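Participant: In case you want the letters, here they are:
2 protein chains.
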Amino acid sequence: MNTPKVPDIIIGRLPIYLRALQRLAEKGFDTTSSQELGERVGISAAQIRKDISQFGEFGKQGTGYNIAYLTERIQEILKVDRVWDVAVVGAGDMGHALARYPGFSHRGFRVTMVFDNDPAKVGQPIGNFIIQSTETMAEAIRQAGIKIAMLTVPAIAAQGVADELVKAGVHAILNYAPISISVPADVRVQHIDPATHLQRMTYYLD
Amino acid sequence: MNTPKVPDIIIGRLPIYLRALQRLAEKGFDTTSSQELGERVGISAAQIRKDISQFGEFGKQGTGYNIAYLTERIQEILKVDRVWDVAVVGAGDMGHALARYPGFSHRGFRVTMVFDNDPAKVGQPIGNFIIQSTETMAEAIRQAGIKIAMLTVPAIAAQGVADELVKAGVHAILNYAPISISVPADVRVQHIDPATHLQRMTYYLD
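Taken in order, these protein sequences are the chains called A and B. The first sequence maps to residues 3 to 208 in my numbering. The second sequence maps to residues 3 to 208 in my numbering.
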């Protein structure tokens with residue numbers, strides 16, 4: 003399955019559909035419609051039909067989508083029909099929250115390593131892990147073949163750590179540091195910064 | 003200052019520019035260019051010039067942008083030239099991380115209340131606060147005039163809590179619960195879900 007021409011904006015909506023489908027399945031539903039999905043995720047039914055049709059014919063006029071089948075196909079498209087090991091770099095409050103985050107299971111991810119540069123933290127437990135030193139990070143990530151990292155280090159350290167992660171083979175970084183980081187073109191970055199997200203909303207407040 | 007016709011996608015980029023400008027100021031720079039800003043945030047110089055010009059004339063050909071002035075103007079546009087009180091609902095790991103998050107200061111926000119429905123947590127300290135009961139949440143938020151909340155409750159509780167927050171006067175919700183929530187048209191929601199963000203990147207991995 004390779005559909006490299008699909009716009010990134012559509013790829014970005016697939017995880018939202020997937021989450022809603024999994025929730026419908028948990029509630030015991032077998033089928034759904036673009037209307038029902040749309041109401042749940044706040045996206046128009048027409049947009050959902052258009053997005054999903056990029057990948058083939060999934061729904062039938064009148065009977066809608068088979069939830070289990072569409073779920074499996076989207077998991078396959080997004081490559082979360084497997085479990086990806088993820089490294090957390092930075093064992094502060096946010097690193098702790100991510101290392102213990104219950105929302106990754108059944109969604110394609112598991113945290114398997116946590117790193118920090120503070121000697122007082124190295125060797126301490128965090129979730130099910132022992133915090134490892136960033137000094138041995140590159141080697142540990144390379145050996146384990148880890149492709150995905152979540153970065154929760156201070157802004158000033160973020161670019162340096164990102165560079166090291168990329169050299170060690172990481173190709174996807176979820177960046178919680180409050181700074182934009184630069185990576186080579188073949189590496190993906192997503193930024194999560196609560197202050198930035200809040201600032202996007204205050205514009206609309208009275 | 004009211005420019006209601008500016009597309010939301012541009013509003014969404016302003017916090018990124020603001021963050022980069024504040025960082026340049028911390029480093030001691032007085033002026034910057036759309037080229038330099040662009041390299042830092044991964045957005046083209048032309049796009050930055052176009053976005054910023056929506057709000058007036060800020061740069062001069064050849065001399066670039068005055069960082070302090072542009073910072074102040076964007077803060078004013080985004081209404082973060084003031085400090086907004088924020089409520090955190092859900093005192094789990096993520097709620098703890100947000101209640102103690104150091105990145106809100108100087109960016110327009112301060113967490114002033116934390117709520118949980120677990121009697122064992124109510125009354126316990128979290129950051130500088132005492133966890134309050136969700137039973138008294140609506141009244142506390144209404145009395146304090148809080149407009150912004152961060153939601154870190156389980157998926158199953160999220161819609162109910164969001165409804166209560168909206169009734170209490172909240173108009174902007176940063177939703178960390180792994181589920182889409184529905185709100186009235188005059189309420190803003192931003193979703194932060196690390197699994198969703200990761201799934202958007204795995205599509206591109208080998």
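Hint data in this document are derived by calculation from the structure and do not stem from the laboratory. Honestly, I wouldn't trust all of these hints.
The list makes no distinction among identical chains, and a pair is therefore deemed to hold if it is satisfied within one copy or across any two copies.
Claimed, not checked - As a list, the in silico DMTMM-like pairs of lysine to aspartate or glutamate whose alpha-carbon atoms are at most 25 Å apart: (1) K62 - E137; (2) K52 - E41; (3) K81 - E28; (4) K7 - E141; (5) K52 - E141; (6) K123 - D95; (7) K29 - E166; (8) K81 - D208; (9) K52 - D10; (10) K169 - E78.
Please read these numbers as outputs of a predicted model, since none were measured by experiment.
Participant: Work down the list of hints and note, for each, if the structure agrees.
Facilitator: Structure-based check of all given hints:
For the identical chains of this complex, K62 and E137 are neighbours neither inside a copy (55 Å) nor across copies (45 Å), given an alpha-carbon limit of 25 Å. Taking the closest pair of Cα atoms, K52 and E41 come within 25 Å of each other only inside a single copy of the chain (16 Å); across copies the shortest separation is 34 Å, beyond that limit. Only within a single protomer do K81 and E28 lie at most 25 Å apart by alpha-carbon distance; the minimum there is 21 Å, versus 41 Å between protomers. Taking the shortest alpha-carbon separations for K7 and E141, neither the intra-copy value of 35 Å nor the inter-copy value of 51 Å comes in at or below 25 Å.
In this homomeric assembly, K52 and E141 never come within 25 Å of each other (Cα to Cα): the closest approach is 44 Å inside a single copy and 44 Å across copies. Proximity of K123 and D95 under a CA criterion of 25 Å is satisfied in both settings, with 12 Å inside one chain copy and 18 Å between copies. In the homo-oligomer, the alpha carbons of K29 and E166 lie at most 25 Å apart only across protomers (23 Å), although the nearest pairing inside one protomer, at 43 Å, exceeds that limit. Proximity of K81 to D208 under the C-alpha cut-off of 25 Å is restricted to the inter-copy arrangement: shortest distance 9 Å between copies versus 42 Å within a copy.
When the C-alpha separation of K52 and D10 is checked against a cutoff of 25 Å, the pair qualifies both within a copy, at 14 Å, and between copies, at 22 Å. Taking the shortest alpha-carbon separations for K169 and E78, neither the intra-copy value of 28 Å nor the inter-copy value of 40 Å comes in at or below 25 Å.
Of the numbered hints listed earlier, those contradicted by the structure are 1, 4, 5, 10.
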